[in-house]
Amino acid sequence: MSEQTTDKRVRAASRRHFLQAGAALASGSAMAGFAGTNALAVSDSNLPPSVPEWMKAPGDPTGSQPYGAPSVHEQGVVRNISKTLPQYVSAASRTPLQELDGIITPNGLFYERHHGGVPTIDPAEHRLMLHGMVDRPLVFTIEDIRRFPSQSRIHFIECSGNPVYTKPYGKTASDLVGLVSCAEWTGVPLKTVLDEAGLQAGARWIVAEGADAAALTRSIPIEKCLDDAMLVYSQNGERLRPQQGYPLRLLLPGFEGNMNVKWLRRLKVTAEPAYSREETAKYTDPMPDGTSREFTFIMEAKSIITRPSGGQKLIARGFHQITGLAWSGHGTIKRVEVSVDGGAGWQAAELQEPVLTRALPRFRLPWHWDGRPAMIQSRAIDETGYIQPTLAELVAVRGLNSFYHNNAIWPWRIDANGEVSNGQA
Amino acid sequence: MARLDLKAVLLASALAMLGAAVNAEERYGIGRAATPAEIAGWNIDIGRDGANLPPGSGSVARGRVVFSEQCASCHGESGQGGVGDRLAGGQGTLASPKPIRTVGSYWPYAPTLFDYIRRAMPQNAPQSLDNADVYAVSAYILSLNGIVPENAVLDATSLAAIRMPNRDGFISDPRPDVHNH
Numbered sequence: 001m002s003e004q005t006t007d008k009r010v011r012a013a014s015r016r017h018f019l020q021a022g023a024a025l026a027s028g029s030a031m032a033g034f035a036g037t038n039a040l041a042v043s044d045s046n047l048p049p050s051v052p053e054w055m056k057a058p059g060d061p062t063g064s065q066p067y068g069a070p071s072v073h074e075q076g077v078v079r080n081i082s083k084t085l086p087q088y089v090s091a092a093s094r095t096p097l098q099e100l101d102g103i104i105t106p107n108g109l110f111y112e113r114h115h116g117g118v119p120t121i122d123p124a125e126h127r128l129m130l131h132g133m134v135d136r137p138l139v140f141t142i143e144d145i146r147r148f149p150s151q152s153r154i155h156f157i158e159c160s161g162n163p164v165y166t167k168p169y170g171k172t173a174s175d176l177v178g179l180v181s182c183a184e185w186t187g188v189p190l191k192t193v194l195d196e197a198g199l200q201a202g203a204r205w206i207v208a209e210g211a212d213a214a215a216l217t218r219s220i221p222i223e224k225c226l227d228d229a230m231l232v233y234s235q236n237g238e239r240l241r242p243q244q245g246y247p248l249r250l251l252l253p254g255f256e257g258n259m260n261v262k263w264l265r266r267l268k269v270t271a272e273p274a275y276s277r278e279e280t281a282k283y284t285d286p287m288p289d290g291t292s293r294e295f296t297f298i299m300e301a302k303s304i305i306t307r308p309s310g311g312q313k314l315i316a317r318g319f320h321q322i323t324g325l326a327w328s329g330h331g332t333i334k335r336v337e338v339s340v341d342g343g344a345g346w347q348a349a350e351l352q353e354p355v356l357t358r359a360l361p362r363f364r365l366p367w368h369w370d371g372r373p374a375m376i377q378s379r380a381i382d383e384t385g386y387i388q389p390t391l392a393e394l395v396a397v398r399g400l401n402s403f404y405h406n407n408a409i410w411p412w413r414i415d416a417n418g419e420v421s422n423g424q425a
Numbered sequence: 001m002a003r004l005d006l007k008a009v010l011l012a013s014a015l016a017m018l019g020a021a022v023n024a025e026e027r028y029g030i031g032r033a034a035t036p037a038e039i040a041g042w043n044i045d046i047g048r049d050g051a052n053l054p055p056g057s058g059s060v061a062r063g064r065v066v067f068s069e070q071c072a073s074c075h076g077e078s079g080q081g082g083v084g085d086r087l088a089g090g091q092g093t094l095a096s097p098k099p100i101r102t103v104g105s106y107w108p109y110a111p112t113l114f115d116y117i118r119r120a121m122p123q124n125a126p127q128s129l130d131n132a133d134v135y136a137v138s139a140y141i142l143s144l145n146g147i148v149p150e151n152a153v154l155d156a157t158s159l160a161a162i163r164m165p166n167r168d169g170f171i172s173d174p175r176p177d178v179h180n181h
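Going down the list, the sequences are from chains A and B. My numbering puts the first sequence at residues 1 to 425. My numbering puts the second sequence at residues 1 to 181.
Hints are computed from structural coordinates only; laboratory data are not their basis. Cβ atoms here follow ideal geometry from the backbone N, Cα and C, with glycine treated the same way. Treat each hint with caution, since some may be false.
[Claimed, not checked] One side of the interface only, derived from the structure: several residues of chain A facing chain B at Cβ under 10 Å:
hint	residue
1	N46
2	T84
3	A92
4	D144
5	P149
6	Q151
7	A214
8	A215
9	I298
10	E300
11	S339
12	W369
13	E383
14	L394
[Said to hold, decoys possible] Which chain B residues stay away from chain A? Per the calculated CB distances, all over 12 Å, these:
hint	residue
15	G89
16	T157
17	I162
18	D177
Start from the sequences and build out the full structure, keeping to the hints where you can.
Shown next, in the form of structure tokens:
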């Protein structure tokens with residue numbers, strides 16, 4: 001069965017559910033907030049002591065959704081994309097981080113950044129070419145790539161502009177840093193495939209090219225290619241989604257997102273970088289003195305509180321768990337500290353085990369809200385000892401126009417009504 | 001001594017053969033050889049020094065016509081004012097509070113312009129322009145920025161010879177750059 005057919009069936013099924021659900025269906029993103037501020041009138045006919053209606057008749061037939069979709073009551077939990085972009089060919093959509101739990105991003109909610117739209121690629125007609133400074137230039141089919149010994153690893157990918165340095169700052173955690181997601185990736189170490197071709201002396205870079213309409217091209221230092229780089233064909237157990245590079249992508253753990261080239265079709269081993277448009281005119285970081293930093297690959301340590309976070313509401317005084325995500329392109333997160341008093345004092349949060357390198361560990365901290373206005377924020381410390389900086393510390397060095405690699409601490413303001421908003425706005 | 005040397009050579013050569021055999025065994029034998037024609041068809045990368053630029057040439061005048069037909073709807077007739085990236089102007093603004101980054105003010109290498117236009121533009125039909133028109137559009141955009149004269153005709157040699165204004169504007173990554181320990 002084609003994917004399209006499946007898709008149509010799921011949509012039809014979803015639509016039936018939608019209609020059945022009727023008035024009970026509303027914006028899941030508003031409902032799923034930390035506060036559970038459910039403004040909808042909820043009937044009590046399904047509540048104790050009554051028997052709920054869904055127990056009085058059989059439910060949907062088994063297999064009515066060949067590819068399962070979330071509950072109709074979660075249909076508001078979707079990627080966050082601006083409705084007012086000038087165009088949607090080269091654009092981004094964000095993961096709704098504040099709606100998610102754990103450390104893994106569902107495939108349908110993984111953030112997107114495309115430079116020439118999302119190509120529809122028939123894997124039977126897709127090839128990976130490996131050439132340049134190699135003993136044996138090679139062409140691989142996807143089935144060839146899948147024959148190599150496989151590995152599965154959990155890593156985050158983050159867009160380098162997440163967020164920019166200038167106002168207006170976003171309202172929600174997704175608005176601010178929703179261009180980061182984390183998945184279990186399966187593929188073959190790039191080194192294994194390079195060994196198959198035989199690197200020649202003087203090989204220092206590999207130029208990777210995507211099979212999209214942007215033919216997106218980035219240069220990767222050979223050290224990274226021989227370290228933990230992977231050629232990936234699966235994500236969270238299933239084949240890559242088209243939005244994530246189906247049928248093959250490059251994975252460079254900890255490097256800025258655009259270098260993890262999607263729809264990978266070509267690897268050219270070279271002595272020099274390509275100096276492509278994407279690594280000169282774009283993805284270079286302007287400084288106040290007029291110079292720009294080039295080849296700023298690594299995403300530095302960062303964290304964000306996702307609950308309570310902007311747009312949510314604390315409905316009661318008393319116990320609330322503060323939770324969020326932390327990550328570093330330099331390796332493992334060693335510690336996450338949380339302040340609930342505007343940055344005066346900091347306490348260590350609990351990190352969810354196992355704390356994986358270049359992944360998205362979750363942190364948690366029990367907290368009692370006394371009902372008074374508060375400013376809460378988190379900061380990550382990674383295995384190199386690097387401490388996530390404040391926005392002021394970053395701007396003091398880089399100015400406001402550096403665009404990329406803003407990894408600032410982001411505070412949330414909680415007012416006396418429990419409303420949570422952006423502490424920098 | 002001569003006999004010893006010979007032995008050493010034989011031993012070394014035997015070890016080398018053994019090594020080669022081991023290497024051959026370590027390979028999986030997956031994939032097939034890429035032919036020169038296949039590589040030539042897909043290897044569209046242009047070096048910053050102009051390496052791999054194809055034969056052909058294009059004039060500013062021809063570029064103005066192609067740009068008007070293929071590019072202006074997104075980038076504006078004079079390379080600014082559309083939904084697409086601004087392509088012209090901005091020289092001297094990079095150190096100001098409102099830097100304007102364009103081909104003329106920001107791009108370090110002119111051959112990259114050919115590379116990018118050919119691989120990705122126009123956005124609705126990438127790789128549809130022939131090489132002569134890619135040279136022509138490159139020439140027109142460079143002329144909008146005052147980098148080549150109105151009567152310029154660019155080819156592989158002349159495009160590679162252009163020195164862009166921001167050629168030396170890039171520095172290597174100095175991070176970690178925030179000292180908050």
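Hints, verified against the model:
1. The beta carbon of A/N46 is not positioned within 10 Å of any beta carbon in chain B (closest approach about 50 Å), and the interface hint is therefore violated.
2. A least Cβ separation of about 12 Å between A/T84 and chain B goes past the 10 Å threshold, and the interface hint is therefore violated.
3. A cut of 10 Å between beta carbons decides the hint on A/A92: the least distance to chain B is about 16 Å, and the hint is violated.
4. A distance limit of 10 Å between C-beta atoms decides the matter here; for A/D144 the minimum to chain B is near 5 Å, and the interface restraint holds.
5. Interface restraint check for A/P149: the shortest CB-CB distance to chain B comes to about 8 Å, inside 10 Å, so the restraint holds.
6. Among the interface hints, the one on A/Q151 is violated; its C-beta lies about 15 Å from the nearest C-beta in chain B, farther than the 10 Å criterion.
7. Given the 10 Å rule on beta carbons, the hint for A/A214 holds: about 5 Å separates it from the nearest Cβ of chain B.
8. Look at A/A215: its Cβ gets to within about 4 Å of chain B, closer than 10 Å, so that hint holds up.
9. Residue-level restraint check for A/I298 holds (minimum Cβ-Cβ distance to chain B is 7 Å; threshold 10 Å).
10. Contact between A/E300 and chain B, as hinted, is supported at the beta carbon level, the nearest pair being about 7 Å apart and thus within 10 Å.
11. Because the closest C-beta pair between A/S339 and chain B is about 14 Å apart, greater than 10 Å, the hint is violated.
12. Interface hint status for A/W369: violated, as the beta-carbon distance to the closest one in chain B is roughly 28 Å, over 10 Å.
13. Using the Cβ-Cβ criterion of 10 Å, the hint placing A/E383 at the interface with chain B is not satisfied: the shortest such distance is roughly 13 Å.
14. With 10 Å as the threshold, the beta carbon of A/L394 comes within range of chain B, its nearest partner Cβ sitting at about 6 Å, so the hint holds.
15. The non-interface label for B/G89 is consistent with chain A: the shortest C-beta to C-beta separation is roughly 15 Å, beyond 12 Å.
16. A cut-off of 12 Å between C-beta atoms confirms that B/T157 is not in contact with chain A; the least separation is 19 Å.
17. The Cβ of B/I162 sits about 14 Å from the closest Cβ of chain A, beyond the 12 Å cut-off, so the non-interface label holds.
18. Remark: the non-interface label on B/D177 conflicts with the geometry, its nearest Cβ contact in chain A lying 5 Å away (cut-off 12 Å).
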